[in-house]
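J.: Take a look at the letters that make up each chain.
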Amino acid sequence: MVGKVEAVNGGVKPTTTTPASSETPADLAPPAFSFRALKLKTKQQELLIRVTILCLVYVLAFIARLFSVLRYESMIHEFDPYFNYRTTLYLTQKGFYEFWNWFDSESWYPLGRIIGGTLYPGLMVTAALIYWTLRFLRFAVHIREVCVLTAPFFASNTTLVAYFFGKELWDSGAGLVAAALIAICPGYISRSVAGSYDNEAVAIFALLLTFYLFVKAVNMGSLAWALASAFGYFYMVSAWGGYVFIINLIPLYVLVLLITGRYSMRLYVAYNCMYVLGMLLAMQIRFVGFQHVQSGEHMAAMGVFFLMQVFYFLDWVKYLLNDSKLFQAFLRITVTCAVVVGAVALGVGTASGYISPWTGRFYSLLDPTYAKDHIPIIASVSEHQPTAWSSFMFDFHILLFLFPAGLYFCFKRLTDATIFIVMYGLTSMYFAGVMVRLILVATPAVCLISAVAVSATIKNLTQLLRAKNKAAGPGKGATSVKASSKASLDQSLPFQRNGAIALLVGAFYLLSRYATHCTWVTSEAYSSPSIVLAARGAYGNRVIFDDYREAYFWLRQNTPSDAKVMSWWDYGYQITAMGNRTVIVDNNTWNNTHIATVGRAMSSYEDEAYEIMRSLDVDYVLVVFGGVTGYSSDDINKFLWMVRIGGGVFPVIKEPDYLVNGEYRVDKGAAPKMLNCLM
Amino acid sequence: MEVVVSRLQLALIFSLLVASLSLLVRSSSPELQILTAERRIDLTSHIVRVYLTLKVENTGASPASEILLAFPPTQVDHIAQIKAAATVGKKKKKSYLPLVVNPTERPDAPNGTKYFSVSFLSPLSTGESVTLEVFFTLTHSLEPFPVEISQSESQLVYYHDSAKILSPYDIKQQITLVKTPSKKVESFTRVEPTGFAGTELKYGPYMDSPSYSFSPIIVHFENNNAFAVVEELLREVEISHWGSIQITEHYKLVHNGARHKGVFSRVEYQSRPSFGGVSSFKNLLAQLPPRVHSVYYRDEIGNISTSHLRTDFRKSELEIEPRYPLFGGWKATFLIGYGLPLEDFLFQSPDGRRYLNLSFGCPLAETVVDKLTVKVVLPEGSKNPSAVVPFSAEQHLETSYSYLDVVGRTTVVLEKKNVVPEHNSPFQVYYNFHPIFMLAEPLMLASVFFLLFIACVAYLHMDIAIRK
Numbered sequence: 001m002v003g004k005v006e007a008v009n010g011g012v013k014p015t016t017t018t019p020a021s022s023e024t025p026a027d028l029a030p031p032a033f034s035f036r037a038l039k040l041k042t043k044q045q046e047l048l049i050r051v052t053i054l055c056l057v058y059v060l061a062f063i064a065r066l067f068s069v070l071r072y073e074s075m076i077h078e079f080d081p082y083f084n085y086r087t088t089l090y091l092t093q094k095g096f097y098e099f100w101n102w103f104d105s106e107s108w109y110p111l112g113r114i115i116g117g118t119l120y121p122g123l124m125v126t127a128a129l130i131y132w133t134l135r136f137l138r139f140a141v142h143i144r145e146v147c148v149l150t151a152p153f154f155a156s157n158t159t160l161v162a163y164f165f166g167k168e169l170w171d172s173g174a175g176l177v178a179a180a181l182i183a184i185c186p187g188y189i190s191r192s193v194a195g196s197y198d199n200e201a202v203a204i205f206a207l208l209l210t211f212y213l214f215v216k217a218v219n220m221g222s223l224a225w226a227l228a229s230a231f232g233y234f235y236m237v238s239a240w241g242g243y244v245f246i247i248n249l250i251p252l253y254v255l256v257l258l259i260t261g262r263y264s265m266r267l268y269v270a271y272n273c274m275y276v277l278g279m280l281l282a283m284q285i286r287f288v289g290f291q292h293v294q295s296g297e298h299m300a301a302m303g304v305f306f307l308m309q310v311f312y313f314l315d316w317v318k319y320l321l322n323d324s325k326l327f328q329a330f331l332r333i334t335v336t337c338a339v340v341v342g343a344v345a346l347g348v349g350t351a352s353g354y355i356s357p358w359t360g361r362f363y364s365l366l367d368p369t370y371a372k373d374h375i376p377i378i379a380s381v382s383e384h385q386p387t388a389w390s391s392f393m394f395d396f397h398i399l400l401f402l403f404p405a406g407l408y409f410c411f412k413r414l415t416d417a418t419i420f421i422v423m424y425g426l427t428s429m430y431f432a433g434v435m436v437r438l439i440l441v442a443t444p445a446v447c448l449i450s451a452v453a454v455s456a457t458i459k460n461l462t463q464l465l466r467a468k469n470k471a472a473g474p475g476k477g478a479t480s481v482k483a484s485s486k487a488s489l490d491q492s493l494p495f496q497r498n499g500a501i502a503l504l505v506g507a508f509y510l511l512s513r514y515a516t517h518c519t520w521v522t523s524e525a526y527s528s529p530s531i532v533l534a535a536r537g538a539y540g541n542r543v544i545f546d547d548y549r550e551a552y553f554w555l556r557q558n559t560p561s562d563a564k565v566m567s568w569w570d571y572g573y574q575i576t577a578m579g580n581r582t583v584i585v586d587n588n589t590w591n592n593t594h595i596a597t598v599g600r601a602m603s604s605y606e607d608e609a610y611e612i613m614r615s616l617d618v619d620y621v622l623v624v625f626g627g628v629t630g631y632s633s634d635d636i637n638k639f640l641w642m643v644r645i646g647g648g649v650f651p652v653i654k655e656p657d658y659l660v661n662g663e664y665r666v667d668k669g670a671a672p673k674m675l676n677c678l679m
Numbered sequence: 001m002e003v004v005v006s007r008l009q010l011a012l013i014f015s016l017l018v019a020s021l022s023l024l025v026r027s028s029s030p031e032l033q034i035l036t037a038e039r040r041i042d043l044t045s046h047i048v049r050v051y052l053t054l055k056v057e058n059t060g061a062s063p064a065s066e067i068l069l070a071f072p073p074t075q076v077d078h079i080a081q082i083k084a085a086a087t088v089g090k091k092k093k094k095s096y097l098p099l100v101v102n103p104t105e106r107p108d109a110p111n112g113t114k115y116f117s118v119s120f121l122s123p124l125s126t127g128e129s130v131t132l133e134v135f136f137t138l139t140h141s142l143e144p145f146p147v148e149i150s151q152s153e154s155q156l157v158y159y160h161d162s163a164k165i166l167s168p169y170d171i172k173q174q175i176t177l178v179k180t181p182s183k184k185v186e187s188f189t190r191v192e193p194t195g196f197a198g199t200e201l202k203y204g205p206y207m208d209s210p211s212y213s214f215s216p217i218i219v220h221f222e223n224n225n226a227f228a229v230v231e232e233l234l235r236e237v238e239i240s241h242w243g244s245i246q247i248t249e250h251y252k253l254v255h256n257g258a259r260h261k262g263v264f265s266r267v268e269y270q271s272r273p274s275f276g277g278v279s280s281f282k283n284l285l286a287q288l289p290p291r292v293h294s295v296y297y298r299d300e301i302g303n304i305s306t307s308h309l310r311t312d313f314r315k316s317e318l319e320i321e322p323r324y325p326l327f328g329g330w331k332a333t334f335l336i337g338y339g340l341p342l343e344d345f346l347f348q349s350p351d352g353r354r355y356l357n358l359s360f361g362c363p364l365a366e367t368v369v370d371k372l373t374v375k376v377v378l379p380e381g382s383k384n385p386s387a388v389v390p391f392s393a394e395q396h397l398e399t400s401y402s403y404l405d406v407v408g409r410t411t412v413v414l415e416k417k418n419v420v421p422e423h424n425s426p427f428q429v430y431y432n433f434h435p436i437f438m439l440a441e442p443l444m445l446a447s448v449f450f451l452l453f454i455a456c457v458a459y460l461h462m463d464i465a466i467r468k
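Residue numbers (the UniProt record's numbering), protein chains in the order written: chain A, 1 to 679; chain B, 1 to 468.
Only true hints are included.
Cut-off 30 angstroms, straight-line C-alpha distance, at most; resulting in silico cross-link-like pairs (DSBU-like, lysine-lysine):
#, chain 1, residue 1, chain 2, residue 2
1, B, Lys252, A, Lys94
2, A, Lys564, B, Lys331
3, B, Lys261, A, Lys564
4, B, Lys252, A, Lys564
5, A, Lys564, B, Lys282
6, B, Lys417, B, Lys371
7, A, Lys94, B, Lys331
8, B, Lys331, B, Lys417
9, A, Lys94, B, Lys375
Covered stretches of chain B (chain A as the covering partner; in silico rule of three or more C-beta atoms under 8 angstroms from a C-beta of chain A):
#, region
10, 300 to 309
11, 318 to 332
12, 396 to 405
Just so you know, the hints here were simulated from the structure itself, not pulled from any lab data.
Every residue, glycine too, gets a C-beta built ideally from N, C-alpha and C.
The shape of chain A in the complex, shown without the other chains:
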């Protein structure tokens, strides 16, 4: 086993040490000091080109996300980011401890919400730190600007991580391609344009960083990298609920390595350090708390942790015993015992309620039909719907075809690192298929794997070309072995060179199409702030509908400061952030009953609704009607969900009452209950 591992390690090493950082200084030193040779050495040239490309990609990733700022203004988009913005504002104004202990009475009236204990503070703390740093450096920026630009900034950082990850997986060429691909991949841009100040903005950076550091730790077997990966994990936990993916994927990966006989001391060090420290650090986040030892979603990691100890123990016993037959028997007993003990522990834990069962969101991930039947509030969100094929094509474009090719290359050169990326790619692709928003998680993996395909293909093709240039005849044996893999050209074929050129041009054409597509998608689909709507007027001029902000600002200026506003939960965050008024429910949908009460009020007859609203102290009701301008996502459109969610808790509300022959109508022919309800 050990010998095999060494061989694998040996296979990885040449690729990891080729980059210049460790070797170039020694080479560079004499000429640079003597000013003798102005011409750079090949290695220096390579370094220069690599750094230049990386810098360009870094800048590109940033500016590609600025469409909305240029077209509209520097503003926060969508719904959730307004809550994040509001909390960040609070953090910068009141300080960290006030923020941590903040009881927000402006939302979920009359219940209130403990903000510090119910959010992932990573994003806010990050933005606040950037803000404080800039302030310290005497850049008098506004916190809104920082919040708007946080997502593009972290997207830029993600490209750097992608570069290093690609370098770790394959070579620095693949790293560069990965950085370039992820910089403009629509799947990622959709969540990281300027102004979408959401958890995902920093979380993808943290996710990729954690994975990169962990893979690095597994490759090196170094405690330092494992520690760094634990901190990356901590950052991820502090930023986004999607950390559950990490804490399940890494154990799964370790398990696969164990099963395929790739267990090594490096893996042991990396996983144990990462898991134990990462778990302890994650417990510091109040929202996560003791979930790592109590929740069903985190049990896989713990199980694998104990399994690792069993493996280590077995290794030790094997070393002592030196008797294969005895060892086989011992192995059987130990593994059986371990599994039995684990199963019993899990059973007892679950039965006694110590280990909480899986949450609805987790179930709905594993079983796409679960939410529709059991939790309408999850199903009502458009980004929780299963993904359509078109949106895969829309968000990945050519990556969708390069992905299998990359998988092929990865399988061809199987290392610990490529196994990881293959597993990451496959699992995240599954989740992306279940839920639209999880395309985001799959994007880095798809980009990395595609980068491997692109890089390997182009490298092979160019090597072929160069070899032909140098020696037009026999000296091409070594290169064409690689080339044949993709080009499927025989050595003896006369058009090999032309074929290579054609393929190369084709590859560049595809890549340029990708760049065009990404720019188009970014500018057309993902760069509108959704709070301001723009349309073309009759004369080709731009008409801007700013009705949302008009309403919110009116609430802010002209209602009593303690007024309570009732609206459907979508608008909750925006009312509190922009209108600065108390709301009954908001986008943090933690209390289904409360939302159902609002749904019931909205769908009851007016006199009944009045009673319900009196009991909630409501002063104002905000409804959105888009009939005049033809705005489709208004409250009439969402009304059926109000009925469904309201009916889920209060059976007096029945969906068929609002339908005419199973059809949803809002005109004269609508159901009488529909016409007479509050909406």
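For chain A, the structure is supplied; the task is to place chain B on it using the hints.
T.: Just chain B now, with coordinates in the frame of chain A:
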């Protein structure tokens, strides 16, 4: 509360002056008489403008150096500005010479009457007469009645005054003309002879009114003009010697007319604009200096897209619409920012000091500003600032910080209450500045980048690994 404060201030500032004046008045007591008085009260906007033409004769024994103007205490707090001028020459060669006007007090004032004293150019000797033009503006003097109106109703207001001019002197003949914005006048107090024609109410002429005669009148009329009141206006003027002046104005606007009652129907408002919201106003006009650039209009939650800028070589006009039409009692806060070319507003005086020459008041047309604060942020390194304002305003200094500031910028703060468009006259801020300070920030940035590159070069040439 505010009334008390302003009274106290007046009392404090002018107590000394008043004491001496009252002594003077009592000792010499020149006998003045007003031969004819004509008063025109303009009620067309929500700022009341009063033009008073007095012909004064000295009937006493000693020459008079000043004349007193009397105001009822309810009116004096609303006076935003008062100006007086003496008419010189006849008919076509007529010209006006401005006179000094100061608030003053008299111990024998009946019913808390307040006074302003106007000093003549040269003391008026016995038997001589002079014609004075007095102009003053009153703010917050139109009282809406009914206090609350619904969306489609038009706004009716009361105006209180006296049919006869309040004066410490006898008036031989006087007449008062009141101009209303439209023909719709609900009612007015009659003090015969009283006439009403078109949009003009005529009180008088009244003959031989004794001193301090007062006959209260109420005019109840329709006024649908924009009752735009800026409760607080903060103008920040930031000077950069690199070529621009950046002005940011923070507004707290309120519609100060009759409060809105009931619901607001957007459909009615948009389908029948002339009827469905006559008392409201939708847009405001800001007059900005010519060659204005990078204008923006936004509020706490982002850019407001409804604004239009028209520029020509004499002036720029910015038409702004708040996010929603303002009905009575509704508020809106917003800010306007714009840049101006430096050479139009910054000059060098003969003694080598630089001075900024800028208009003081609010650029919005027909708007009352309850409290105006002007902050002039001088460039870093400026010394000895001093402000010259043509009227009384409070001044103090501050330090503010902006991009890449180390020691902070000296800021001159000017504060004034009750500002009307008539206050849009230029003021100056003088200061000393050495051009070398302009280079401080670019040099600082350059050195930081230089150090950064040096650090990179050093890092690439150093081997800091422990193991070889």
